[in-house]
Amino acid sequence: MGRLTGKGAVQSRDREGADRPGRAPAMVPDTSEEEACLRLGYLTVAGVDEVGRGPLAGPVVAAAVVLPSCRGAWWKEVRDSKALTPLARARLAPRIEAEAAVGVGLASAQEIDTRGLTQATRLAMQRALCSLLAPPDFLLVDGLPTAWLGAPQRAIVGGDATCLSIAAASVVAKLFRDRLMEEQDRCYPAYGFARHRGYATPDHLAALRSQGPCPIHRVSYRPVAEAAGLLLL
Amino acid sequence: MSRQTLGAAGERLARGYLERQGYTILAANYRCRWGEIDLVASEGETMVFVEVRTLRDGAFGTPEESLGPRKALHLRRAAQTYLRQHGDPAGEWRIDFVAVVLSAGGVLRDLRLLRGAVEE
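Top line first, the protein sequences correspond to chains A and B.
Going by the numbering used here, 57 is the number at position 57 of the first sequence; the sequence numbering is gapless.
Going by the numbering used here, 110 is the number at position 110 of the second sequence; the sequence numbering is gapless.
FYI, nobody ran anything at the bench for these hints, they're computed from the structure.
Cβ coordinates follow ideal geometry from the N, Cα and C atoms, glycine included.
Be careful, since some hints might not be right.
Stated by the list, open to error - Subject to a maximum C-alpha distance of 25 Å in a straight line, what follows is the list of computed SDA-like cross-link-like pairs (lysine to any residue):
1. A:Lys76 <-> B:Ser103
2. A:Lys76 <-> B:His86
3. A:Lys76 <-> B:Gln21
4. A:Lys76 <-> B:Arg31
5. A:Lys76 <-> B:Ala104
6. A:Lys76 <-> B:Leu83
7. A:Lys76 <-> B:Gly7
8. A:Lys76 <-> B:Leu114
9. A:Lys76 <-> B:Glu11
10. A:Lys76 <-> B:Thr5
11. A:Lys76 <-> B:Glu119
12. A:Lys82 <-> A:Arg39
To be verified - Heads up, incomplete: computed chain B residues facing chain A, CB under 7 Å, no partners named:
13. Arg3
14. Thr5
15. Gly7
16. Ala9
17. Glu11
18. Leu13
19. Gly16
20. Gly22
21. Ile25
22. Val107
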């Protein structure tokens, strides 16, 4: 069986995404990075972000967004997906998809198990870039530098909060994954995927213990392996 | 998306592209009695006057087709006026054309540079 990453047991990141009271207001992402790229002669710049590294089930989803060259009315509403309510994301995503160039790619739970999370995330990002209409000539990627994705890139830690095209990609990826997990809930209704999208909530862990894992569970994750009886300590 | 923002977006893209090609941008939106020159640049010793045309994908015709003889004449006159004011009227110069095609939403689809597009 695959390696045990030990991830997923406690993943508070991106659990709900709702604006919680008492939190500092979300940062407003801007296009300074995109403009810097344009000054260097990179004309089509894609923001790339991924969602779903933490959950115990379902794929990791990546999105790539190339912003239009003229400012859209929706730009000022874009935030990091975690700073938006599900309703705000559902309203924003179609407006992003209507004007920007958008690509989505995913890597399955099996791919995460066999290749490891880092490689699977890279695969999802590559697939997102391949599904763009035209290949971008520069990438702004959220997080730490990743392997070569087909174009020169700049990795920006916290880019989903500061960089507009990465923030837009985070919104598209999040909504895509949430919808996907709601569909998976119909195939595997025992786990409550529509509620927790595969994250390790108490009711998910309880269902996992009583039902055992289903085909979209990541068996390389410790709680899933334990529930499957694959982990002998 | 208005005509002005479309044009401004196209000029920003053209500017980034030309700078990467090694052009030095000297002025933007130079106006005189003959009209406007979108970008004034130099490439080596040669002065280059650049007309940028931006079209949305699926619009009728190509950007290149939208440059008529009358506009070409005015561009030459404007270029000569600029050279008299700012440069060396006897030096080498030419007029380039940048065609920018954007998607309906405004994402860059194509950018073409025609060197020496307008004959002297």
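Against the structure, the hints come out as follows:
1. Of the pairs offered as hints, the one joining Lys76 (chain A) and Ser103 (chain B) holds, with about 21 Å between alpha carbons and a cut-off of 25 Å not exceeded.
2. Between Lys76 (chain A) and His86 (chain B) the CA atoms are separated by roughly 41 Å; this puts the pair beyond 25 Å, and the hint is violated.
3. A distance of roughly 33 Å separates the Cα atoms of Lys76 (chain A) and Gln21 (chain B); the hinted pair therefore is violated under the 25 Å criterion.
4. Proximity of Lys76 (chain A) to Arg31 (chain B) is assessed by CA-CA distance (about 33 Å); at most 25 Å being required, the pair is judged violated.
5. Restraint check for Lys76 (chain A) and Ala104 (chain B): satisfied, since their Cα atoms lie roughly 20 Å apart, inside the 25 Å limit.
6. For the hint pairing Lys76 (chain A) with Leu83 (chain B), the CA-to-CA distance comes to about 42 Å; that exceeds 25 Å, so the pair is violated.
7. This hinted pair checks out: Lys76 (chain A) and Gly7 (chain B) have alpha carbons roughly 22 Å apart, not beyond 25 Å.
8. Distance check on the hinted pair: Lys76 (chain A) and Leu114 (chain B) sit about 36 Å apart at the alpha-carbon level, beyond 25 Å; violated.
9. For the proposed pair Lys76 (chain A) and Glu11 (chain B), the alpha carbon gap of about 23 Å is at most 25 Å, so the pair holds.
10. The hinted pair formed by Lys76 (chain A) and Thr5 (chain B) meets the criterion: a straight-line CA distance of about 17 Å does not exceed 25 Å.
11. A distance of roughly 45 Å separates the Cα atoms of Lys76 (chain A) and Glu119 (chain B); the hinted pair therefore is violated under the 25 Å criterion.
12. Among the hinted pairs, Lys82 (chain A) with Arg39 (chain A) is inconsistent with the structure: their alpha-carbon atoms are about 30 Å apart, more than 25 Å.
13. Interface hint status for Arg3 (chain B): violated, as the beta-carbon distance to the closest one in chain A is roughly 11 Å, over 7 Å.
14. With its C-beta approaching chain A no nearer than about 5 Å, Thr5 (chain B) sits inside the 7 Å limit, and its interface hint holds.
15. For Gly7 (chain B), the interface hint is violated, since its Cβ never comes within 7 Å of a Cβ in chain A; the closest pair sits about 10 Å apart.
16. For the restraint placing Ala9 (chain B) at the interface with chain A, the shortest Cβ-Cβ distance is roughly 4 Å, inside the 7 Å limit, so the hint holds.
17. A distance limit of 7 Å between C-beta atoms decides the matter here; for Glu11 (chain B) the minimum to chain A is near 10 Å, and the interface restraint is violated.
18. About 5 Å separates the beta-carbon of Leu13 (chain B) from the nearest beta-carbon of chain A, less than 7 Å, and the hint is met.
19. Interface hint at Gly16 (chain B): satisfied, since its Cβ lies 4 Å from the closest Cβ of chain A, which is below the 7 Å cut-off.
20. For Gly22 (chain B), the suggested interface contact is broken, since its CB lies about 10 Å from the closest CB of chain A, more than 7 Å.
21. Hint status for Ile25 (chain B): violated, given a least beta-carbon distance of 11 Å to chain A, over 7 Å.
22. Look at Val107 (chain B): its Cβ gets to within about 4 Å of chain A, closer than 7 Å, so that hint holds up.
Of the hints listed earlier, those the structure fails to meet are numbers 2, 3, 4, 6, 8, 11, 12, 13, 15, 17, 20 and 21, in rising order.
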